[in-house]
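Put together the whole structure using the sequences plus the hints.
For the protein sequence lines, the chains are A and B, in the order given.
Residues in the first sequence are numbered consecutively from 105, following the working numbering.
Residues in the second sequence are numbered consecutively from 2, following the working numbering.
Honestly, the hints are just simulated from the structure, not real lab data.
Mixed in with the good hints there might be a few duds.
[To be verified] The list that follows gives simulated cross-link-like pairs (lysine-lysine, DSS-like), each with its CA atoms no further than 27 Å apart:
no., chain 1, residue 1, chain 2, residue 2
1, A, 424, B, 98
2, A, 258, A, 188
3, A, 314, A, 299
4, A, 424, A, 299
5, A, 147, A, 299
6, A, 299, B, 98
[Claimed, not checked] What follows is a set of in silico ranges between Cβ atoms, one per label pair, in the way DEER data are often shown:
no., chain 1, residue 1, chain 2, residue 2, range
7, A, 144, B, 194, 48 to 56 Å
8, B, 222, A, 243, 43 to 51 Å
9, A, 381, B, 124, 24 to 32 Å
10, B, 124, A, 244, 43 to 51 Å
11, A, 220, B, 184, 18 to 26 Å
12, A, 266, B, 94, 49 to 57 Å
13, B, 123, A, 263, 35 to 43 Å
14, B, 138, A, 407, 44 to 52 Å
15, B, 126, A, 311, 56 to 64 Å
Think of the CB as a built atom: it goes at the ideal place given N, C-alpha and C, for glycine as much as any other residue.
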Amino acid sequence: MQRVATPMAKESVRARSEMIAFVVMAVILAILPLFAYPVFLMKALCFALFACAFNLLIGYVGLLSFGHALFFGWAGYVSAHAAKVWGLPPELAILAGTLTGAVLGAVVGSLAIRRQGIYFAMITLALAQMMFFFAVQAPFTHGEDGIQAVPRGKLFGLIDLADQTNMYITVLVIFLGCFLLIYRIVNSPFGEVLKAIRENEPRAISLGYKTDRYKLLAFVLSAMFAGVAGATKALVFQLASLTDVDWPMSGEVILMTLVGGLGTLFGPVAGAFFVVSLENYLTTRIGQWVFVVQGTIFVFCVLVLRRGIIGEAARIARIKL
Amino acid sequence: MFEMLGISSQALFGQLLIGLINGSFYALLSLGLAVIFGMLNIINFTHGAQYMLGAFAAYFLLEYAGLGYWWALILAPLLVGITGVIIERLFLQWLYKLDHLYGLLLTFGLALIIEGTFRNYFGSSGLPYSMPAELVGGQNLGFMFLPNYRGWVVVFSLAVCLATWFVIERTKLGAYLRAATENPTLVRAFGINVPRMITLTYGFGVALAALAGVMAAPIYNVSPQMGSNLIIVVFAVVVIGGMGSIMGAIVTGFGLGLIEGLTKVFFPEASNTVIFIVMAIVLLIRPAGLFGRTA
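Right under this line is the structure:
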């Protein structure tokens, strides 16, 4: 009888398992560069942050955005442009990308939340495609070439990011910081309202919540974090290109989140590392078949592994991750 | 009279005709999406890939079986429809009780598989498919030159759309379909095999996409990615029209094709994006869509 946990105790057990997992993740990520190629790790971290941002929307509000490449890619363009043409330092370039994500998120979000469910996905996809065509035509994006040779610059005027180790630490700090922020958002009273909307929107409305405002704010936050990820990736690769705004990128971030586990805290990170490593491994061997492999994983996850890797692991271990 | 605007009537009507043709593809595809969504509660992301399969089926029939356009018009939708039935039995039937988004994700995965496979074998450049001999040439209408084949595409797709509307809205079979959309359990209680109806509905919706693909083959090249950009535009069309009404899907499809054609004449830079802009405006003014019912 002693083992019946009060809600409070459950809450603290959950918080503890999540905190331990976070520390483990941070330690692993800190020592990984000793074993793996740093550029690959930075790519995986940028995508992990992108997937976490996406998961904020699908996992906690239940909204499937099929256009997140829009925020990721355009933030990349703006930060690359800011660093290269305006000569801004990296911290301001990333900030510019972040703002781009948030502003675009506000515009797209205010249109998309007017419809529910499946229409929401189609609207975000259509608007993202529209902005893709703008990216093809706008002169500053340099069309097919993209913005190349973006200078990484000196962080705060002191730390030279051309050094791979410095860049890795910067990316890691950005990732962990955003991850904690997202964790905080999800577990705040605001986050609880989001989950209520996911479970039963009419009921949340009947309780007096202006759900549209909550959904819009969640959308803007998600787009903003996607912007951080895109801006950081542009600096890491010193490149902003059409690939990052095109619809397959939106599909890829969905895949990462789905593989890791929708609505789990660590799932998107695991999913991003899985998908990025898989693609890294495959492109050198089977090249063009990557899309087929991605599609197969989609089908497999939907039919068999709906909870995702982390979701399934958490269920077996009976903890929350 | 258009000359004073600096646009020849030839160019204007030519673009309007292309608009109508695109519109007929939009109408056929969004019609299929609406019918499938009504019965299966799934947004079929594979629709674009199945349109592409229709075009490739026509190409294969000609290359390997020597069967020309008219055969393809019947056989290609049938063959692709059968693959649709297989897909429904293998994959989709497990998803009906789940959230809508899983259907979208699964069909998105299938689209990636199908398009990826074709891209590996046929590259990204298109394969030519020749027009049926009976429809080569055109008519001079005085204000414009009308290629026979293009006229045929518009008339035939309109006929297919109206026939579909008639079957669904005016026949007994259509009544069963509509009833099963509203309340499948009750319709089953009347002794109607609803699961089979669902399977066949999916096959039919897919066949419509394939039919559009066959008709597109002589106009555009047959290429693996012909469907992937189209499907996104069709999604926008569906958002604009709303999936509640069959006639709505047809009218919206043709109407948006025309708007796109007009944009190509007057403001070509926006021709790629005009449908998305219309979608944004509709969402602002009538969030439920032009023909949609507010939830």
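Between residue 220(A) and residue 184(B), does the C-beta distance stay in 18 to 26 Å?
holds (21 Å)
- [ ] Note whether the CB distance of residue 138(B) and residue 407(A) lies within 44 to 52 Å or breaks it.
- [x] holds (51 Å)
Using the beta carbons of residue 381(A) and residue 124(B), state whether their distance is inside 24 to 32 Å or not. Between residue 381(A) and residue 124(B), where Cβ atoms are some 28 Å apart, the hint holds.
Keeping to a limit of 27 Å between CA atoms, is the pair of residue 424(A) and residue 299(A) held or broken?
holds (16 Å)
For the pair residue 123(B) and residue 263(A), does the Cβ-Cβ distance stay inside 35 to 43 Å? violated (49 Å)
May I ask you to test the hint 43 to 51 Å on the CB atoms belonging to residue 124(B) and residue 244(A)? For residue 124(B) and residue 244(A) the Cβ distance comes to about 32 Å; the hint is violated.
Notebook entry, point to check: Is 48 to 56 Å a correct range for the gap between the Cβ atoms of residue 144(A) and residue 194(B)?
Noted result: holds (54 Å)
Exercise. Does the structure keep residue 258(A) and residue 188(A) at a Cα separation of 27 Å or less?
Worked result: holds (13 Å)
Within a Cα-Cα threshold of 27 Å, do residue 299(A) and residue 98(B) meet the stated pairing? Judged against 27 Å, a Cα distance of about 21 Å means the pair holds.
Practice problem: Given the hint that residue 314(A) pairs with residue 299(A), test it: the Cα-Cα distance must not exceed 27 Å. | Solution: holds (14 Å)
Exercise. Are residue 222(B) and residue 243(A) spaced within 43 to 51 Å by their CB atoms?
Worked result: Cβ of residue 222(B) to Cβ of residue 243(A): about 30 Å, so the range 43 to 51 Å is violated.
- Query: Quick one, are residue 147(A) and residue 299(A) close enough, alpha carbons at most 27 Å?
  - Reply: Roughly 30 Å between the alpha carbons, so the hint for residue 147(A) and residue 299(A) is violated.
When each numbered hint is compared with the structure, violations occur for hints 5, 8, 10, 13.
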